[in-house]
Amino acid sequence: MRLINTRTLGVEVFDGDSVPRYAILSHTWDYDEASLRGWTEQYGSLLTLTRGGYAKVHMARGQALNDGIEYLWADTVCIDRTSLAEVSEAINAMFAWYRDAYVCYAHLSDVGDSEDDTVADTAEMMSDFSRSWWFTRGWTLQELLAPARVVFYSRFWTRLGTKHDLAGRVARITGIDEQFLHGAPLGQASVAKRMSWMARRRTTRPEDLAYSMMGIFEINMPLLYGEGRKAFMRLQAEIMKQSTDETLFCWSSSDDTPSDWVQLLAPSPSSFASSSRYEPATMAIAQSSYKLTNLGVKISLAITTFWTLHFGVLNVLGPNKAPVGIALEGHPAKGIFWRASFPPGPIELPQTGYCGRTYSTNSGFGGAALSRKDVCILSRMPKSAAATAAMTRSSPHSWMEDRGARSALKYAVMVSFLDRSAVQAIETVPARMFDDRTSVLALQQSTRRRGIYGGIIQLRVPRSRITMRFLLAVNANGRPFCIIITGIV
Numbered sequence: 001m002r003l004i005n006t007r008t009l010g011v012e013v014f015d016g017d018s019v020p021r022y023a024i025l026s027h028t029w030d031y032d033e034a035s036l037r038g039w040t041e042q043y044g045s046l047l048t049l050t051r052g053g054y055a056k057v058h059m060a061r062g063q064a065l066n067d068g069i070e071y072l073w074a075d076t077v078c079i080d081r082t083s084l085a086e087v088s089e090a091i092n093a094m095f096a097w098y099r100d101a102y103v104c105y106a107h108l109s110d111v112g113d114s115e116d117d118t119v120a121d122t123a124e125m126m127s128d129f130s131r132s133w134w135f136t137r138g139w140t141l142q143e144l145l146a147p148a149r150v151v152f153y154s155r156f157w158t159r160l161g162t163k164h165d166l167a168g169r170v171a172r173i174t175g176i177d178e179q180f181l182h183g184a185p186l187g188q189a190s191v192a193k194r195m196s197w198m199a200r201r202r203t204t205r206p207e208d209l210a211y212s213m214m215g216i217f218e219i220n221m222p223l224l225y226g227e228g229r230k231a232f233m234r235l236q237a238e239i240m241k242q243s244t245d246e247t248l249f250c251w252s253s254s255d256d257t258p259s260d261w262v263q264l265l266a267p268s269p270s271s272f273a274s275s276s277r278y279e280p281a282t283m284a285i286a287q288s289s290y291k292l293t294n295l296g297v298k299i300s301l302a303i304t305t306f307w308t309l310h311f312g313v314l315n316v317l318g319p320n321k322a323p324v325g326i327a328l329e330g331h332p333a334k335g336i337f338w339r340a341s342f343p344p345g346p347i348e349l350p351q352t353g354y355c356g357r358t359y360s361t362n363s364g365f366g367g368a369a370l371s372r373k374d375v376c377i378l379s380r381m382p383k384s385a386a387a388t389a390a391m392t393r394s395s396p397h398s399w400m401e402d403r404g405a406r407s408a409l410k411y412a413v414m415v416s417f418l419d420r421s422a423v424q425a426i427e428t429v430p431a432r433m434f435d436d437r438t439s440v441l442a443l444q445q446s447t448r449r450r451g452i453y454g455g456i457i458q459l460r461v462p463r464s465r466i467t468m469r470f471l472l473a474v475n476a477n478g479r480p481f482c483i484i485i486t487g488i489v
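Mapping to the UniProt record's numbering: the sequence shown position 246 is 246, numbers consecutive.
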């Protein structure tokens, strides 16, 4: 590990237990950054130390010296970026280096616009703080979480406050729970929650979205720049090897998700933007084991079927403490599935819990139990299904396959039956508002009562004149309600 001597400005090398107390710099990269060679060859030049990226390293060095700290680590100077092996080793060790630092100086280069920004508690300064680019970059996430002490500084090195002092503000900016800003073990956060912290951050190279999260999940893996999206897939595969937290699968597709993406794992951290609400179920049930194969992920899941759509029931609870499922298409008899495109993310299911290796519905639904069984979630849709999907996209036959209609939808209801054979057909008012492929009824805005959305669904029972009508609606406050009407035709 290389460190800058804050007194001599020289770069020294330390190994193992010989590493002294040091401060560490966190910053966002810009043009004209410092380098190991540039620093070691020119650190005696005052002109060099006030230029571009060298200036912030020099200011951090001065701050460390004032704080009585003899050494400073800065990535631009202390890593030889001409050596791929050293870069890989450093990135795998970086979380630990930030964690072990005595203090981290976070330099926010876009906060404060003049050298007389000496009043750090002004509304304008803190407004700049909340909008700082530093909070949007991928690498700065671990630089915020790993160190016990983080002190924020403005562009011209005015002290803005510490991570602890500003925890409430930082939590609102980042979506990170305050407890983790105060040092709670990151392992106490679900996998989905930790992924959500990265969801809106960006890196210059796509691979770094995965590499910058390795320490947050206590994972080491080789760096393969040029692999693109595969880096995030490798990260998820490594998480699966050491964790049974099924919130890893609680991600949602968006307009950025490739149209042919059907696998269990997410394409990018941005897929977890709305996933912080999901937590592993704490009841004592048999834990699933996962296996990543050339076909996809083999996993043990309880499968429940709605009208035609299947749901894999995860060992996860949603925000209302109800079990969570992900939509699947496929062949239940063969145990082969792939992720459905709608609903785009996990949903809370009406059933109420696990018992051993079974998933039980509540007594109002007959008390049925669904056993977990081994299934394979494919990484690619079968060719026959892909051809059907392509035809559907080119010639949509329902509102669900019309992206414009789907994006305009505010409320929808998924229809489920314990016994699918008990219902012959579904009709709706207005007509054609039920999509039989996805089991979804679209709710329309009332023309009579503002803010109310609803729809009528009529069920016909086989070999019977009995019909049942359900008025399914959402009131102006967003609360759902249902009115049931039975009759004979």
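Among these hints, one or two may not hold up.
[Said to hold, decoys possible] Straight-line distance between alpha carbons at most 30 Å, and here's what the computed DSS-like set of lysine-lysine pairs gives:
#: 1; residue 1: K334; residue 2: K298
#: 2; residue 1: K241; residue 2: K230
#: 3; residue 1: K163; residue 2: K230
#: 4; residue 1: K334; residue 2: K410
#: 5; residue 1: K241; residue 2: K298
#: 6; residue 1: K298; residue 2: K321
#: 7; residue 1: K410; residue 2: K298
#: 8; residue 1: K241; residue 2: K291
#: 9; residue 1: K321; residue 2: K291
#: 10; residue 1: K230; residue 2: K410
#: 11; residue 1: K291; residue 2: K163
#: 12; residue 1: K291; residue 2: K373
#: 13; residue 1: K241; residue 2: K321
#: 14; residue 1: K291; residue 2: K230
#: 15; residue 1: K334; residue 2: K241
#: 16; residue 1: K291; residue 2: K410
#: 17; residue 1: K410; residue 2: K373
#: 18; residue 1: K241; residue 2: K410
#: 19; residue 1: K230; residue 2: K321
[Claimed, not checked] Derived Cβ-Cβ restraints for the label pairs, each shown as a range:
#: 20; residue 1: A333; residue 2: R169; range: 50 to 60 Å
#: 21; residue 1: E89; residue 2: N320; range: 18 to 28 Å
#: 22; residue 1: D374; residue 2: D165; range: 14 to 24 Å
#: 23; residue 1: A93; residue 2: Q242; range: 14 to 24 Å
Keep in mind the hints are simulated off the structure, nothing from the lab.
Note that the Cβ used here is the ideal one computed from N, Cα and C, for glycine as well.
Item to check | Status of the given 50 to 60 Å range, CB of R169 versus CB of A333 | outcome: holds (54 Å)
- Do the alpha carbons of K410 and K373 lie within 30 Å of each other, as the hint requires? violated (35 Å)
30 Å Cα cutoff - pair K241, K298: Roughly 13 Å separates the two Cα atoms, so the pair holds.
#### Entry: Straight-line alpha-carbon gap K291 to K373, limit 30 Å
holds (14 Å)
* Asked: Within a Cα-Cα threshold of 30 Å, do K230 and K410 meet the stated pairing?
  -> violated (34 Å)
Check your understanding: Between D374 and D165, does the C-beta distance stay in 14 to 24 Å?
Key -> Hint violated: Cβ distance 51 Å, outside 14 to 24 Å.
- Would you check the hint for K241 and K230, treating anything up to 30 Å between C-alpha atoms as holding? Since the Cα atoms of K241 and K230 sit roughly 17 Å apart, the hinted pair holds (cutoff 30 Å).
### Message
Check the hint pairing K163 with K230 against an upper bound of 30 Å on the C-alpha distance.
### Response
violated (33 Å)
- Query: Is the straight-line distance between the alpha-carbon of K241 and that of K410 30 Å or less?
  - Reply: violated (39 Å)
With the threshold set at 30 Å, check whether the alpha-carbon distance from K298 to K321 stays at or below it.
holds (26 Å)
Can the restraint linking K334 and K241 be considered satisfied, given a maximum Cα separation of 30 Å? Holds, because 25 Å separates the two Cα atoms, which is no more than 30 Å.
Practice prompt. For the pair supplied as a hint, K230 and K321, confirm whether the alpha-carbon distance does not exceed 30 Å.
Written response: violated (33 Å)
In summary, the structure is inconsistent with hints 3, 4, 7, 10, 11, 16, 17, 18, 19, 21 and 22 from the numbered list given earlier, while agreeing with the others.
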